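*Asks:* Here are the chains, one letter per residue:
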Amino acid sequence: MADFKPRIVAFLCNWCSYAGADLAGTTREKHRADVRIVRVPCSGRVDVTLVLKAFERGADGVIVGGCHPGDCHYITGNYTTRRRMFVLRELLSFIGIEPERLQVTWCSASEGAKWAEVVDETCSVIDRLGPLNKIKQLTENLISEAKEITPGG
Amino acid sequence: MITVPDLLRRVFEKGGETYTIFAPIRRDYGVMIERVAGPEDISLDHVLTRNTLKDVMLPSCEPLARYDLERGALEPLKDDSGTIVVVGTRPCDAAAQAILDKILGGEVADERYMDRRRRTVMVTVGCSRADSACFCTSMGYGPHDETGSDVLLLPAEGGYLVRAITDRGRAFLSEIGVPEDKEEGVTPPPEITRKATTEGLKDWLDKNFDHCRWEEVSENCLSCGICYYLCPTCHCFDIVDEAGLTRGERLRVWDSCSFKGFTKMASHQPRVGRHARYRQRIMHKFKYTVDNVGETACVGDGRCIRFCPVGVDITEILEKLPSEEEA
Amino acid sequence: MVDEREGALRQKAEDLLSQGGVKLVIGYGKNALGEVRPLLARTRAHARSLVWNSSCVHNLAVYLTREPAAGILRRGEKVAVVVKGCDARAVVTLIQEGQVPRELVHVMGVICDGVTYPDADGAGLAVKCGGCQVRVPSFYNDLVGDPEGVEPLPGNPLADAEDLLAETEDERWAFWREQMEKCMRCYACREACPMCYCKECITEKSRPQWIDRAPLPRGNLAYHLVRAAHLAGRCSSCGECTRVCPVGIPVDMLNRFLTSRIRTAFGHECGVDCEAEAFQSTFNKAEDPEDYIR
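Chains as they are written, first to last, in my numbering: chain A, 1 to 153; chain B, 1001 to 1327; chain C, 2001 to 2294.
A hint or two may mislead.
Here are the simulated PhoX-like pairs of lysine-lysine, each with C-alpha atoms no more than 25 Å apart in a straight line [unchecked claim]:
1. A:Lys53 with C:Lys2182
2. B:Lys1264 with C:Lys2199
3. B:Lys1287 with B:Lys1202
4. B:Lys1320 with B:Lys1207
5. C:Lys2182 with A:Lys134
6. B:Lys1287 with B:Lys1207
If you're looking for bench data, these hints aren't it; they were derived computationally from the structure. Given the structure is predicted, the values throughout are model-derived calculations rather than measurements.
Just chain A, same shape as in the assembly:
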């Protein structure tokens, strides 16, 4: 699958994980470029709808990044994330989509190196799992933005 470039969307909370990703940049931590970041105020804002929309519209993987438990800027947001993402991974697995496509990470504002690791590890997981053709195949006859089926997925 040499031609497969994973498309991964990351929902990062403004206060910790987004800042951590930013730090990775300013400190020149090398990591793969396949992740597109969407900044949210808190990981607790990430509803299942956002994650599913990302998968639906062509993402092969999704990362949700939040503050470490106890450090949430809004005190309790990430605790609800923890429950919600657990449920979503179970649901994905039940319907036959690999739950590892949804990676959740606690990454603080000072953990630039960790962010780089998370990116590289997630990219290699998605490399191994391949493109999420199952969802793309649901809309074979529609042309809206779902990318062509990549062989090998």
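Could you slot chains B and C onto chain A? The hints should help.
*Replies:* Just chains B and C now, with coordinates in the frame of chain A:
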């Protein structure tokens, strides 16, 4: 005299490559009328298919056009289904098409629907059985009614007697090499036990938009939408775009006045409450369509009664509305 | 032979309407053909038409958040509702979530032997009744029926989900894909669900459009997954969503699966204790699983 599978075989022999053929098929949750690839799977041991001919004539999701901003292209999508042959629909569903033809035809016609209708041959199979939800006779139809059919197959001993109803039907029969049967011997139609009365209804509807009885009769209703989607004469639709950033498709999809969002506007929601939405259902079928095209938009197929999860019964309601009794 | 629970229900309903300050009893009645359907009883005459039998399949809690019951509750007046054990869970969850005031709902719990669906042709009890532990409702103001010696029903409530889990990921996907191709987005599953009481469902939101409107598999999958996720920890396992589906999608399998995972992983049981906290808006700092988190 012919059996339905034999007739279907003749249809496939003549036009298996060129016709788009629909027939009833048994699925694990019921009998559905669907596109068929061969004559083997047809099922006729049912009273009525769960779905209606809307799936053929007014599909629940129909692509209208496609666009691509990068190429600057807008491409209308045509329906190239050719000659459509429906084998095995029931008289109530065929009659429903005749009503929809009046609503969706006329001066401002729904071209896609009317185009499909003009290319359709309707081979209806008269009913040998009915169930307790059927009330076609009260709406002016019946188990052996010919309204809306091009060919009508009437049950008889050992098979069906073939009757050509329209010129199109006659021509089709000669194309597939099935002769018309002129003789008698039709098995008497099944008895339709459920009755609905529309006496005094139109007058009452004309005058009682605000009557408190609307709330009473629709109390159980959950506004779930099943009766609208499974009704052969309900035809409301919405246009939606399934789109990405630069490419997309414009689709026509079914809509229902049971949904809260149906009449919701930027300013306000003019139709508040489940009773108001149920009132719309009755008004549209028994008053507005009568006023507009001279037809009652109900054929008495009974799906709304059969599939309502909470026992809302239109025949009961039609009787209660204009009645003199106190609440 | 009329079940003695029916007589007890009728009497209790009459009492509540005439002396108990209850304005409405939501129960089961019969139409002219003897088919069971919900009955909103306001008078003693209505109360005398209440029925109880194995066709009382509906989850009547769904009427608590809709007019006329919602209006009655808003005015500070009381509503009574007839519930089976599964339905009682829905009432408790509505109370937990602040949708229905505890002191204004009079719950008439009936001991249930399991229900059969009307067109089931002798197929026995509904799938959702398998393994039922709540034949005696765990929450009620009045209990109708004798709890002495009542045993849980036989069967495994997760049999179908377990069969699916025994298959490969790709086989599971093929199964759900087929279901999503059938779905015509009538939303009956949502409207029949007592827990789907949002005034505006996220499906209806068009700016932005999170869930596609068209009845195509992609949007259908989003709708069902989002609904299942929004019901996580709240679903009463009443099975109504599956019963009402006109195209035979086993909607409630998703919910029953999640319910069992949530029970194992979080120790959370839905609809048991009015004072308990709602699953999705609370958390256990020390014990919620997080080994899946990097």
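*Asks:* All the hints need checking, so say for each whether the structure fits it.
*Replies:* So, going through the hints one by one against the coordinates:
This hinted pair checks out: A:Lys53 and C:Lys2182 have alpha carbons roughly 21 Å apart, not beyond 25 Å. With a C-alpha separation of about 12 Å, the suggested pair B:Lys1264 and C:Lys2199 falls inside the 25 Å cut-off, and the hint holds. Pair hint B:Lys1287 plus B:Lys1202 holds up; C-alpha atoms about 6 Å apart against a cutoff of 25 Å. Restraint check for B:Lys1320 and B:Lys1207: the C-alpha separation of about 15 Å stays at or below 25 Å, so the hint holds.
As the CA atoms of C:Lys2182 and A:Lys134 are separated by approximately 17 Å, the hinted pair is consistent with the 25 Å bound. Only pairs whose Cα atoms come within 25 Å are accepted, and B:Lys1287 paired with B:Lys1207 is accepted, the gap being roughly 11 Å.
Consistency with the previously given hints is maintained throughout, with no hint failing.
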